[in-house]
Amino acid sequence: MLRRLVPVLLTLVVVALGVTALAARPDDGTPRRSADFVVLVGAAGLRWDDVDPQNTPTLWRMAEQGAIGSLSVRSAHRPTCPVDGWLTLGAGNFAAWNGPRTGGGCPATGVSVEQPDRIGANLPDQESVVAYNQDKLAWGATPGALAESVRCSVAVGPGAAVAAARPFGRVDRYAPALPEDPAELLGSCVLSIVDVGTVDDDDPAVRAGQARQADARLARVLAARPPNSLVLVAGVSDTDSPARLHVAVADGPGWDGGWLTSASTARAGYLQLVDLAPTALAALGRPMPERAFLGRPAVTVDDRPDDLRTAIEAPADADREAAAQRRVAGWFFTLLAAAQLALAVAVLPLLRRARRLAGPHGPAPVSRRVVAVVELLLIAAALAVPAALLADAAPWWRGHHAGWWFASVTALLIVGGTAAVRFTPGHDRTLGPLGAVAGLATLVVGVDVLTGSRLQLNGVVGYSALEGGRYAGLGTVGLGVFIAGSLLCGGWLAQRVRRGWRPFVMVAVGGVAVVIVGSPYLGADSIGAIALTAGVSVAAAICTGGWLTVSRLAWATMAGLAVTIGFALVDLGRPAVERGSLGRFLAALGDGTGGLTVHRSSTSNFQTLVNSPLTVLALAGAALVWLALLQPWGGLMRLFGIYPAIRAAMAGTGVAAGLGGVLGGSALDVAGAAGALVVPMAALAALRVLDHSTDRTRPDSGRPGGEVGAAPPGGGPAGGAAGRDPARDGAGGDQAGVGSDGGGPAGGGSRGGATRSGGGAAAPTVDVPSGDPRPAGDADRPAGSPGGAARGGPSAAGEDAAPGGPADPRLPSQPTGPPTEVPAT
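Oh and the sequence shown: position 822 is 822 in the numbering used here, straight run, nothing missing.
These aren't lab readings, by the way, just hints derived from the structure by calculation.
Wrong hints could be hidden among the right ones.
[Unchecked claim] With beta-carbon atoms standing in for the labels, derived distance ranges: (1) L335 <-> A394: 15 to 21 Å; (2) A183 <-> D256: 20 to 26 Å; (3) A346 <-> G416: 20 to 26 Å; (4) L548 <-> G330: 33 to 39 Å; (5) K136 <-> W331: 30 to 36 Å; (6) P305 <-> L335: 36 to 42 Å; (7) Q65 <-> F606: 45 to 51 Å; (8) D36 <-> V301: 21 to 27 Å; (9) C152 <-> D302: 33 to 39 Å; (10) T334 <-> V550: 38 to 44 Å; (11) Q65 <-> V415: 46 to 52 Å.
All C-beta atoms, glycine included, are put in the ideal place defined by N, C-alpha and C.
Please construct the entire structure, taking both the sequences and the accompanying hints into account.
Encoded structure:
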């Protein structure tokens, strides 16, 4: 009865952990009404390296007394040209102008502004722009949503007119240029939007002059600001490719010092352009328009340095890092894909020659040095992504040749990690490198997430603030590595305990990983947590052996659905501005706008699939596994039969990585990152299993000192391919199965072997993992599978036997002794 309840109890544990992690949410500090007037001041192209106390004294003083941050100006078009930035500001959503685009840059787009009277203005193109955004683009933005949310708004300059125009094109109050004394104009409406110019020249002297002119106009605005007003200054757009981070400053009641942030970024010092519209409405105490805004109101957080120059250096340095990241990330993943493809080609002949026949005939063994070098290269390849993540702890982007600095730091870390794995105790065991690499990868990503994901922000294998997709928590590549590392760690630990305890070990390790991935305080990835829950459930279901039966699949599916439904119910119960991605999607389905989310996700999946180098990694890894490792000569099926917990971990990784990528809109990127870790380790473990596929005990030679099961001189069977001591591989009881790597515990010679005498023939060595006491005849078949060696079914020993080799004591024509059960070690 208790055994039947184990799947139910484990499912409930996984569900409870998942819902608890996803339901907890930190206080977003949504601001209450703090101002009677809001003035939005925009300067297209203004960056933090344009700000200094001599050239822009007004902005410098404002930054000293107000809150500051880095502004990501993502829009529906990349790069975000000035007209796109102003339109996105007024929409509170990712929007774009419907004019012609040339060569990825920003063309000189003239906005037609008509003034039929001396009060307001009309934008004749506004209706077509609204139709373009709602019918052609995936975000469903409504240009003019900000202006529609207040009774009256003021626009100064053509850019501001684009932001302040209502959906039908009307601007309530308009001035083509800033008056010398704009006090009356700025005080005529609760919301004013001012265009102080563009900073876009490549020449440093000219650019400094443009910034100086914008600062002078800002000084007039501040001198004429209405009482009890909030002034927001923003570099509202890029001016050319590539994208950059820009200035964001808030000054007013309740905005004294600190960093700017919002619930949309969840990162101190970072704000999105779409956050400015909800910030203005929140400060005025106005309700947010339903379904119109993607941004969240900005708030301030402490811990900003007292010295402004030191504080400004942080966002300026982040801008340099993000720019360098974009240049380096492409060639890093391309080189990684090429290296793993080359390793796959190199491993194929080794797999073919690693499996020795039991008799004297067969291919010559591969040089042990060659095998050792390939093993080290496989370890290095598996550690490449964690090393690249750790490389961002060094400021490589500040050098003149940032790419070379990054390559040097990453190479040193790969060499150091490979050496650490090589000299880790237990390296010579079959699963030694796999456990060490998985542990290192999980440790690197896990510690980064627990300490605020600082290495992933703008990191080469992390996420870029310039892309505007994520600013905190676990990124796509980090999710793939963490899924693979945590599940492999769980499988490695589960393989070392008794079979009955393996599901509990998998759930314990996987449950902690689900909490880290899904918690808003840590990984902040609800989709990833749901996918990982499904993977953990699958791994726990089959880690004791056997196949993924209908009942096991049902329990795994129920666990994933229960976590999803539980979190969805909790998320839907929150206010709209506090909901996560899942809650917003379900709410959109309820009001009929869910199709836009599905369209965005499918578009993102397709674009990522065809453009990402990680797609090559995922497909190449799948091809190597399917066409080589899973073949009868590939060794992976034998590995799975001997180590069912490792098979479960790899199956769970495939399920979780596939779901996480597709549901998260990143196609095969999660699977590619996971495969970069799993596939090299699977190939290495398969090589080691094949290396000892013909290990046998020897009968008593009758000579003085002879020992039943003693290994022949030379440390291997008939000069085995690797020449490795089987007893050393068996230390700790890691191995199980007929003809497996180990001959028994270290120093035990044949303790793990069962020798049956029948017709004068010696039975094969049988190693049974600790806590997995099975009859020797069944040790090498997958636990729980029908048939097997003892029942006359196929077995690894039967596949390995060569003509003329030792007689099989299990043949019907031979006398067979009683089954020998090896006690747990």
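Results for each hint:
1. L335 <-> A394: 15 to 21 Å: The hinted range 15 to 21 Å holds for L335 and A394, with Cβ atoms some 19 Å apart.
2. A183 <-> D256: 20 to 26 Å: Holds, since A183 and D256 (Cβ atoms, about 24 Å apart) stay within the stated range.
3. A346 <-> G416: 20 to 26 Å: Because 23 Å falls inside the window, the suggested range holds.
4. L548 <-> G330: 33 to 39 Å: 38 Å Cβ-Cβ, so the 33 to 39 Å window holds.
5. K136 <-> W331: 30 to 36 Å: holds, 34 Å
6. P305 <-> L335: 36 to 42 Å: holds, 38 Å
7. Q65 <-> F606: 45 to 51 Å: holds, 47 Å
8. D36 <-> V301: 21 to 27 Å: At roughly 25 Å between Cβ atoms, V301 and D36 fall inside 21 to 27 Å, so the hint holds.
9. C152 <-> D302: 33 to 39 Å: Holds, since C152 and D302 (Cβ atoms, about 35 Å apart) stay within the stated range.
10. T334 <-> V550: 38 to 44 Å: holds, 42 Å
11. Q65 <-> V415: 46 to 52 Å: holds, 49 Å
This entry satisfies every hint, going by the numbered hints stated previously.
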